[in-house]
Structures are given as structure tokens and as C-alpha cells.
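Mind the numbering: the sequence shown is residues 1 to 300 in the working numbering, read in order.
Treat the hints with care, as some may be off.
Keeping only pairs whose Cα atoms sit at most 16 Å apart, straight-line, the calculated EDC-like set for lysine to aspartate or glutamate is [stated by the list, open to error]:
(1) Lys129 / Glu278
(2) Lys129 / Glu279
(3) Lys62 / Glu279
(4) Lys81 / Glu71
(5) Lys129 / Asp284
(6) Lys153 / Glu190
(7) Lys191 / Glu274
(8) Lys185 / Glu278
(9) Lys186 / Glu274
(10) Lys129 / Glu274
(11) Lys153 / Asp48
(12) Lys67 / Asp287
(13) Lys186 / Glu279
(14) Lys153 / Glu245
(15) Lys186 / Asp48
(16) Lys191 / Glu279
(17) Lys62 / Glu274
(18) Lys67 / Asp48
(19) Lys191 / Asp124
(20) Lys185 / Asp239
(21) Lys186 / Asp239
(22) Lys62 / Glu83
(23) Lys67 / Asp270
(24) Lys191 / Glu278
(25) Lys62 / Asp287
Since the hints were derived computationally from the structure, they do not count as laboratory data.
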Amino acid sequence: MNGTTVRRMALAIATAAALTGGVAACGSSDDSGGSKRSGDGGKALKADPIAALRTIENTTDKADSAKVTSETTMGSAMSMKAEGTLGWADGLSGTMTITYTGGQMAETMRQAGSTTMQARYLPDAYYAKMGEQFAVQAGGKHWVRYAYDDLEKIGGGSGVYMKDAMQNSTPHQSVKMLLASGDVKKVGEEKVRGVNTTHYSGTVDVAKLAERSSALSTSQLADMKKQLEQAGVTTETVDIWVDDENLLVKKTERGEMRTGTLSATAYYSDYGTEVSAEEPPAGDTADFQDLMNRQPGTGG
């Protein structure tokens, strides 16, 4: 593994982390009229899906934290499982254990020494713990730090997308997606893991959702739309299941890409759980930007 491979691997991890957040980041502007509003408690108005979703988005946002388990497949590029806790009271924080189970990403991780890694979210950066083979080529450092501001410098719309996706990987983002889509319906009442839930579904036009994001400039938006076209991504079907407390229990996203099917399922539980995420030791941490600035072929 040479310096070029290390840089590619670090970039692949950043891309995968952003993609596992779903395209929700494209709609992270507050289309529901503001979050953390008062006076929205109680049962959702289930006869009116939009009113219900606004209550659900607000209630889930206020819950501040949850346990999360998820599975994601992105065509031939990646399949993975993740579990851990996330908090969003004051910026995203938490820890996740991620296992790459197939696709090109699993092979990339095998080259780094392990297909399982620990991820830590802090308000200003995302940290990924790599395998021993990666550390040998990264000056003995096992962790990679992805400062969100550095990700934005990658270029075009992709860097802004990565930054936004990593900072907004929270349950209520999928509710915002449905609100922004303007196409949502109540499917019915169903049980999910023994919990009584209400099921809502909608179709999201990915490019239009990106356009509504205030984070993208005109040129970045054009670049993002080009990337979506190249990937073959046009629409996504988003489904959510919500309990009697107006909290998200399950979310799925489905769509088609040129490389195959996009499928993501996440379960949320134990809202309000304690979240702890510590910054890894500086002496064991390589900076993503420094890795990207390496000369090809260099090692440590």
C-alpha cells in the first residue's frame, strides 16, 4: 500500500460516510417552517400527512439522541451495517461501529487491514479508525480526522454534500425529505419490532431536493446535478414508521443507480439515551487534508 492508495482510501471512507447519511443532506434546509418549535406536542394529526410530519419532525428533533442500527447497499460500490448511538442536541455527536459487508468498499477496507471500523461524530469533525495496514502507511496513526470545513474544499458540489451529509445524519432529516417532496401519503398502521406505528411514504426528486438546499451555490448545484445524472440517480422512495409518541422507529430509502440498487434501512430506539464521543488521541490521528496533500507514492 503506497501513499496514493492511502489517499484514495481516506477519500473513499469520506465518500462512504457521506453516502450512508442518505441524500437527506440535500434537503437539510428547514422546509417545515423551523425546528424545535413549541406547541406541537401530542398526537400527530394523522388525517393530514403534512401536519403529521411537521409534528413528527419537531418531536424527533427535540428527542436529542437515539440508538441506531442500519443496513445500506449502494449497487456494486458498497454494502454495510452500522450500529451505535447518535445525538443532535448541539451538533451531531456519537459513535458507530461500521462493518463493510460487500462491494468495492469492503475490498478497500480489507486492504486497510479490517472491514470493521469505529466512527466518531463530533460537532466539528468525523473520525474513522482504520486497520493496521493503513496505520503502517500513515505514520503509525490509526485514526483519520475529517474536519467538515476541509471536506467542503474537495471541490464542486460533492464537497459541500459530504460536509452537509455528515453533519445531518439524524432521524428527522428523512422527515424533512418527505416534507420537501410535496408527495407524501399515509400508508396505514403497522407493527415494527413489536411497536405500533403509522407508516408514511413519499417519492423524492433528488435533483429538486438538492436545489432547495441553501448550502449549494449556483455552480455547486450544477455540479451536483451533473454528478447525480452520471450516477443515474433521479428519484428515491422514502418510507418512515412512527410510534404513538411521534418518534421515528424505522426509515427506508430506495432508488436506482447506474451501478445498481440503492437501499437503506435504519431503526431508531431508546430516544434520549446518553451519548459519549471523545476525540481520539492527537498522536494517533492523521488529518484528512494532510493525507490529500501527500505526494503520490509517499508512505509516512
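To see whether the hints hold, each was checked on the structure:
The straight-line distance between the Cα atoms of Lys129 and Glu278 is roughly 13 Å, inside the 16 Å bound, and the hint therefore holds. As the CA atoms of Lys129 and Glu279 are separated by approximately 12 Å, the hinted pair is consistent with the 16 Å bound. Distance check on the hinted pair: Lys62 and Glu279 sit about 25 Å apart at the alpha-carbon level, beyond 16 Å; violated. Distance restraint check for Lys81 and Glu71: the Cα-Cα separation of roughly 4 Å lies within the 16 Å cut-off, and the hinted pair is therefore satisfied.
For the proposed pair Lys129 and Asp284, the alpha carbon gap of about 10 Å is at most 16 Å, so the pair holds. A hinted pair counts as satisfied when its Cα atoms are at most 16 Å apart, and Lys153 with Glu190 does not qualify at roughly 44 Å. Our distance criterion of 16 Å between C-alpha atoms is broken by Lys191 and Glu274, whose separation comes to about 26 Å. Annotation: proposed proximity of Lys185 to Glu278 is violated, straight-line Cα distance about 41 Å (limit 16 Å).
Using a Cα cut-off of 16 Å, the hinted pair Lys186 and Glu274 is violated, with the two alpha carbons roughly 32 Å apart. Distance check on the hinted pair: Lys129 and Glu274 sit about 22 Å apart at the alpha-carbon level, beyond 16 Å; violated. A threshold of 16 Å between alpha carbons decides the hint, and for Lys153 with Asp48 the separation of about 42 Å lies outside it, so the pair is violated. Between Lys67 and Asp287, the direct Cα distance comes to roughly 28 Å. Violation of the 16 Å bound is thereby established for this hinted pair.
Between Lys186 and Glu279 the CA atoms are separated by roughly 42 Å; this puts the pair beyond 16 Å, and the hint is violated. With a CA separation close to 41 Å, the supplied pair Lys153 and Glu245 exceeds the 16 Å bound. Straight-line distance between C-alpha atoms of Lys186 and Asp48 comes to about 8 Å, which keeps the hinted pair within the 16 Å bound. Proposed proximity of Lys191 and Glu279 is contradicted: the alpha carbons are some 39 Å apart, above 16 Å.
Pair hint Lys62 plus Glu274 holds up; C-alpha atoms about 14 Å apart against a cutoff of 16 Å. As the CA atoms of Lys67 and Asp48 are separated by approximately 29 Å, the hinted pair breaks the 16 Å bound. A distance of roughly 38 Å separates the Cα atoms of Lys191 and Asp124; the hinted pair therefore is violated under the 16 Å criterion. At most 16 Å may separate the alpha-carbon atoms for a hinted pair to count; Lys185 and Asp239 meet this at roughly 10 Å.
A hinted pair counts as satisfied when its Cα atoms are at most 16 Å apart, and Lys186 with Asp239 qualifies at roughly 10 Å. The hinted pair formed by Lys62 and Glu83 fails the criterion: a straight-line CA distance of about 21 Å is larger than 16 Å. Proximity of Lys67 to Asp270 is assessed by CA-CA distance (about 6 Å); at most 16 Å being required, the pair is judged to hold. With a CA separation close to 36 Å, the supplied pair Lys191 and Glu278 exceeds the 16 Å bound.
Taking the CA atoms of Lys62 and Asp287, the gap is near 33 Å; set against the 16 Å cutoff, the hint is violated.
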